[in-house]
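2 protein chains.
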Amino acid sequence: MINPLDNIRIVLVGTLYTGNVGSSCRAMANMGIRHLRLAAPNLQNSWDEGERLAVHATDIMNSREEYPSLEEAVKDCVAVVGTTAREGLYRQHSKTPRESAPDLLSLAQTGPVAIVFGREDKGLLNEEIAQCTHLLRIPVSEGYTSINLSQAVLITTYELFTASGTYLPPKEKAPPAPQAQKAQLIKNWSKMLIETGFMKEEQTDHFMQGFQRVFSRGVFSKDDAALMLGVARQVSWAIKNQREI
Amino acid sequence: MINPLDNIRIVLVGTLYTGNVGSSCRAMANMGIRHLRLAAPNLQNSWDEGERLAVHATDIMNSREEYPSLEEAVKDCVAVVGTTAREGLYRQHSKTPRESAPDLLSLAQTGPVAIVFGREDKGLLNEEIAQCTHLLRIPVSEGYTSINLSQAVLITTYELFTASGTYLPPKEKAPPAPQAQKAQLIKNWSKMLIETGFMKEEQTDHFMQGFQRVFSRGVFSKDDAALMLGVARQVSWAIKNQREI
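Protein sequence lines correspond, in order, to chains A and B.
If you're matching positions, the first sequence starts at 28 in our numbering and goes up one per residue.
If you're matching positions, the second sequence starts at 28 in our numbering and goes up one per residue.
One chain only, chain A, in its complex shape:
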C-alpha cells in the first residue's frame, strides 16, 4: 500500500527567499513529506541561508525539482491544491486544511497531489488560482492574516501528517483525471463558451473558476473529463455547422 504522504508535492511559486525554502524543507521533514518543487522561482539571495535554515533537511532542498511555471510543475498531478490565508474573489469555496486532509490523502493514493504556495509578498495570482482544483484557506486571526511561507507549509503538512493515520482509501474505480487533461478541459470549454457567446474573452478567468469548481467536486475521473471534453468538441462543431436534428 502506498503511503499517501509520498505522493504529496509541495510546490512553491515565485519564491523570493532561500531561507523560506530551507525552513519549508525542515517543516516538510518534520511532517514526513519529502518532495519539493519550485515553480518560476524568483530567488533574491544565495542558498547559504536556505541551507542554514533547512538544518538536517538539506537532502529535500537539494533534490528539489524546478519548473518554469506552475502549469509545468503540476502536469502529472491528479489534484492541484492552492493555499491562501485571505478571503477574496473566487475563494468562497475554500476549505480548511483540516477539513480537506482526508480527501487529499485519498487522492494521493491515486497519484501525485500538488499543494501550492504563492509568493511571500503577493501569494498566488488569479491565473494561478484558476489552475487549482481545490483551495485551502489556512485559519488565521483577523488581526494579522499575513502568514510566513514556511509557517503556511507547516500547518498544511501538519494536517496531512496527523490525518495520515486515519485516512480512508478511495472508492472510485476510474482513475482521477490528471492535471494536463483538466487543463485541456478548461481550455476547450473556454473556447466553446466564447464561441457560443456564453461569455466574453475577458470574462474567462471569472467564469472558468466556476467551472473549475464544478469539475473539482470530489474525485473527477478520466472518464468524467473525457465526457466533458466530448461535449466541448461537439458543441464547437455544431456551431460551425449549425446542425440540428
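Just so you know, the hints here were simulated from the structure itself, not pulled from any lab data.
Hints should not be assumed to be uniformly reliable.
No distinction is drawn between identical chains; accordingly, a pair holds when it is met within one copy or between any pair of copies.
[What the hints assert, rightly or not] List time: in silico DSBU-like cross-link candidates among lysine-lysine, alpha-carbon distance up to 35 angstroms:
id: 1; residue 1: Lys214; residue 2: Lys249
id: 2; residue 1: Lys267; residue 2: Lys209
id: 3; residue 1: Lys267; residue 2: Lys122
id: 4; residue 1: Lys249; residue 2: Lys149
id: 5; residue 1: Lys122; residue 2: Lys102
id: 6; residue 1: Lys149; residue 2: Lys267
id: 7; residue 1: Lys267; residue 2: Lys218
id: 8; residue 1: Lys149; residue 2: Lys209
id: 9; residue 1: Lys267; residue 2: Lys214
Based on the hints, put chain B in the right spot on chain A.
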C-alpha cells in the same frame, strides 16, 4: 466572557536567537495570542533579526516580559504546559496539542495559562519539565523530530486558536441544488446534446448517467446548477443562430 486566548502566555526558556523570538511573535499574532514572556533568555544576536522576522508583530515582541527563570515566569499561572517533540523521561503522560486544546482553553477561562518552549538546542531541562502541570508532545515524523522553535509555537497556538471557536471555517455559500433543479439540468442538457449531435435520442439514458455522475460529485450547489443550465441555454441558442464571435 473572557476570550481565553487573551489568557495564554507564551513562555520561551533560554532562547538563543532573536530571529526565533520574532518568528514566534508573528506566529502568535497569526493565531490571536499576544502575551510573550522570556525566561532566562540567552540571546546570542541583536534584536535586528528579531524585528525583521516579527514583521508586523513587533508590538508583541516589544511588550514582552522578561524573567530570570522559568519559576519566576509562571508564578501567576493556573497551568504550566511544557512542550516537547521527543519522547523521553517524564514524557509518557504527554498529550497532543489537539487533544489538550479544549482543556487548556477551559483553564484559561480561570486565569493565565503558560505554554512553555525550551531552548533551540536542548529543549526543556528535566528540572523545568518537573515544574510543568501538563505536557504536550507535538506530532512529528520519526524521520526528523527536531522542530524549529517558532514552528513549535505555531502548531501549539494554531491548535488553541482553531479550538477557541474564534475562527469560523469558510462554508459553502451557495445552498445545494434541489432535486427539481437537477432534474431540469438533466432535461435541458439532454435536449442540448441531441441538438448538437453529441448523442442520439435513444442514447439519452446511457449518456445522461455519465452527466448525472459528473453533476453529483460532492455537493453540487444551486450556483453550480445555474451555471450549467446557462451553458445549455446558450448552446441551444447559438446552434439556432450559428453565432460565432
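Verification of the supplied hints:
no.	hint	result
1	Lys214 x Lys249	both (16 angstroms within a copy, 24 angstroms between copies)
2	Lys267 x Lys209	both (24 angstroms within a copy, 29 angstroms between copies)
3	Lys267 x Lys122	neither (41 angstroms within a copy, 41 angstroms between copies)
4	Lys249 x Lys149	both (33 angstroms within a copy, 32 angstroms between copies)
5	Lys122 x Lys102	within (23 angstroms within a copy, 40 angstroms between copies)
6	Lys149 x Lys267	neither (42 angstroms within a copy, 45 angstroms between copies)
7	Lys267 x Lys218	both (13 angstroms within a copy, 19 angstroms between copies)
8	Lys149 x Lys209	within (26 angstroms within a copy, 39 angstroms between copies)
9	Lys267 x Lys214	both (18 angstroms within a copy, 24 angstroms between copies)
The structure does not agree with the numbered hints 3, 6 stated previously, though it agrees with the rest.
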